[in-house]
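There are 2 protein chains.
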Amino acid sequence: MDEFSFIRSIQPKFYRQASVMKGISDDAAVIRPLDGDFVTAVDTMVEGVHFTRETMDPEHIGWRVLAANLSDLAAMGSTPRFYMVSITIPKRWSEQELQVVYQGMKRLADLYDVDLIGGDTVSGQELSLTVTVIGSVSKDKARYRSHAQAGDLLFVTGTLGDSRGGLEYLLTGSTASSDGLDYLIQRHRTPEPRITFASSLASLNRMALNDVSDGIASEANEIAAASRMDLIIDPEVVPYSKALERCYPGHYQAWMFSGGEDFELLGTVPEKDWAVVEKTAESVGVRVTRIGYVEHMRSDSPSVWLAKDGGRERLDASGYTHLKEEGE
Amino acid sequence: MDEFSFIRSIQPKFYRQASVMKGISDDAAVIRPLDGDFVTAVDTMVEGVHFTRETMDPEHIGWRVLAANLSDLAAMGSTPRFYMVSITIPKRWSEQELQVVYQGMKRLADLYDVDLIGGDTVSGQELSLTVTVIGSVSKDKARYRSHAQAGDLLFVTGTLGDSRGGLEYLLTGSTASSDGLDYLIQRHRTPEPRITFASSLASLNRMALNDVSDGIASEANEIAAASRMDLIIDPEVVPYSKALERCYPGHYQAWMFSGGEDFELLGTVPEKDWAVVEKTAESVGVRVTRIGYVEHMRSDSPSVWLAKDGGRERLDASGYTHLKEEGE
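Residue numbers (full-length UniProt numbering), protein chains in the order written: chain U, 1 to 328; chain X, 1 to 328.
Mixed in with the good hints, there may be bad ones.
Claimed, not checked - The following residues of chain X were derived to be distant from chain U, with all beta-carbon distances above 12 Å:
hint, residue
1, Ile10
2, Lys22
3, His50
4, Ala68
5, Ala74
6, Asp110
7, Lys141
8, Tyr144
9, Ser177
10, Asp179
11, Val238
12, Thr289
13, Pro302
To be verified - Think about it this way: if two alpha-carbon atoms lie no more than 35 Å apart in a straight line, the pair counts; the simulated DSBU-like pairs of lysine-lysine are:
hint, chain 1, residue 1, chain 2, residue 2
14, X, Lys141, U, Lys139
15, U, Lys141, X, Lys91
16, X, Lys242, U, Lys141
17, U, Lys106, X, Lys279
Quick caveat, the hints were computed from the structure, so don't treat them as lab data. In this text the structure is predicted, and so the values were computed from the model without any measurement. Each residue gets a CB set at the ideal place from its N, CA and C atoms; glycine is no exception.
With the hints as extra help, turn the sequences into a complete structure.
Structure, rendered in structure tokens:
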């Protein structure tokens, strides 16, 4: 494969944003800052570790690695602007397949007018994609994990565990029903980061947000730890899809908590702001569910609790293990 | 290896810059922009492709991958501010060795007050480091390859081919002399990007710059192509070190043109600005040599020429091959 012809083939024909002074074609990209702060994150996905050809087509691989990154920006309440892709290419991947990987990224990027402004192309033994994303957020409106306060309510977007269900089917071919399988597979392969929802809440003064990359058990524990608060979740109202329940009746309850990569958002807001969150969610077509609340710590260490039968039990970050012990 | 304890061990104790609103510890980093434009680049180095344990200690690996990135920023005339590191870790690397890789990066970063603000840690079969750097540059002062104009003079910093010489010794153990070997090895393992030199020239209106990652033959052709100009180089004045000449008398002339990874800067400036370039170089302790000039294209395609015996011969991007044919 000719590296230069490959780079030419993935190079954008134009940039959507006027703030791109220099994109791909020099030693680095040059950007004119907009108002506000800028937000940046990087994520790597490796073939055989984060995805396989058996469960993902090249287009899905591209979509998903960018989705994971844009989801990080959404979890900061920021609007994505730019991305850069560093790719490690093994000999067994053809130039045409790799172009489809980039098309998968571009398809998602185009939905949000995000420009590809740089990258690197190297050879190696395993396909690996490292995506750097850059976004912008109004000054002091970034949504930190540490922003939860006692009295806040806890909410989550969408339904949970779907991606885990889709992956299960792709790996094992085993399912209790085929009704809704396509939906689960799509949720795994081409997840939709909650960008518009998060950036539409810029009017709110304070909000904690985390994206659900490792399951809400893990994400809730991160918010609790960063805010030094306890989070209490009502497991009866945690949202799941009918499709997941039908296809995996023995697993869906565990996967709601431990299933990763749904790229939904878990957040806390003051009670008085809930109406705005609900209205915004409706206007952008995203489901949002109130699933609990924030309290001062009961002990010296911040914890996440499941409210059960009038009592509570601790939900640890792994979630899955814990719930399994509870007699799944 | 415990990923979380490793991340804690490499996490900065503090940030040197007040513009870091949020570093490592959330979904993304948040930065308050300074005046001017921002500049960003990404580079990946893979074990077995870009370095080996035989030629590099862990500390050198870290230093060098960050140096390559900071050199890209220098080549834009920008001041580095932040970096993020995505690392793919195979089982054969110990946590302690990896910490030394990060120390190598930190040692270089600290010289320029550059903050580590984010990253990712994943497992895989080959050690791979992807570094994203972000810098700032005064508005409209980024140094593009396309900025060369007819009448400009062409200059280069430092000496060329040293890194190639150091690598040769590390790979083969063969050399004509041991006098200066340490210097060549150090130039290969811990190259010094020309950051201060480039950013100190901010007063100049126009300058083309490229960093010498692939040899000046390649870099000169890139400037020629982007500017649609011809570049003429006087091979008699291209700078090399006495150490390289002594250790590799049969190779140094080729390596001056084709040897990569010296991370020097190749640039063009209007004749009237040369005195400022020379003075700046002296004040920051960097050698600078005028090696040629810029002309309008002689044909339809931009070319680089070596002035020889009153005539010219074309220098292609690979440099090495061409000069070899010339009877090295």
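(message) At 12 Å, judged by beta carbons, does X/Ala68 keep clear of chain U as stated?
(response) Label violated. Min Cβ-Cβ 10 Å, cutoff 12 Å.
(message) With the threshold set at 35 Å, check whether the alpha-carbon distance from U/Lys141 to X/Lys91 stays at or below it.
(response) Measuring from Cα to Cα gives roughly 40 Å; hence the hint is violated.
(request) Examine each Cβ of chain U, and state whether all of them lie more than 12 Å from the Cβ of X/Ala74. (result) X/Ala74 not clear of chain U: closest Cβ-Cβ about 8 Å, inside 12 Å.
(request) Over 12 Å to the closest beta carbon of chain U is the bar; see if X/His50 clears it. (result) violated, 7 Å
(request) Evaluate the condition: distance from the CB of X/Asp110 to the nearest CB of chain U exceeds 12 Å. (result) holds, 21 Å
(message) If I take the minimum Cβ distance from X/Tyr144 to any residue of chain U, is it greater than 12 Å?
(response) violated, 6 Å
(message) Checking a non-interface call: every C-beta of chain U should be farther than 12 Å from the C-beta of X/Asp179. Is that right?
(response) At about 34 Å from chain U, X/Asp179 clears the 12 Å cut-off, so the statement holds.
(request) Verify that the Cβ of X/Pro302 lies farther than 12 Å from every Cβ atom of chain U, and report whether the claim holds or is violated. (result) The claim holds: X/Pro302 sits with its nearest Cβ about 14 Å from chain U, beyond 12 Å.
(request) Could you grab the alpha-carbon distance between U/Lys106 and X/Lys279 and see if it respects the 35 Å cut-off? (result) violated, 47 Å
(message) Hinted pair, alpha-carbon criterion (35 Å max): X/Lys242, U/Lys141. Please report holds or violated.
(response) Measuring from Cα to Cα gives roughly 57 Å; hence the hint is violated.
(request) Please confirm whether X/Ser177 is truly not at the interface, meaning its C-beta sits more than 12 Å away from all C-beta atoms of chain U. (result) holds, 34 Å
(request) May I ask you to check that X/Lys22 keeps its beta-carbon over 12 Å from the closest beta-carbon of chain U? (result) Incorrect as stated: the minimum Cβ-Cβ distance to chain U is 6 Å, not above 12 Å.
Taken one by one, the earlier hints fail for this structure at numbers 2, 3, 4, 5, 7, 8, 15, 16, 17, listed in ascending order.
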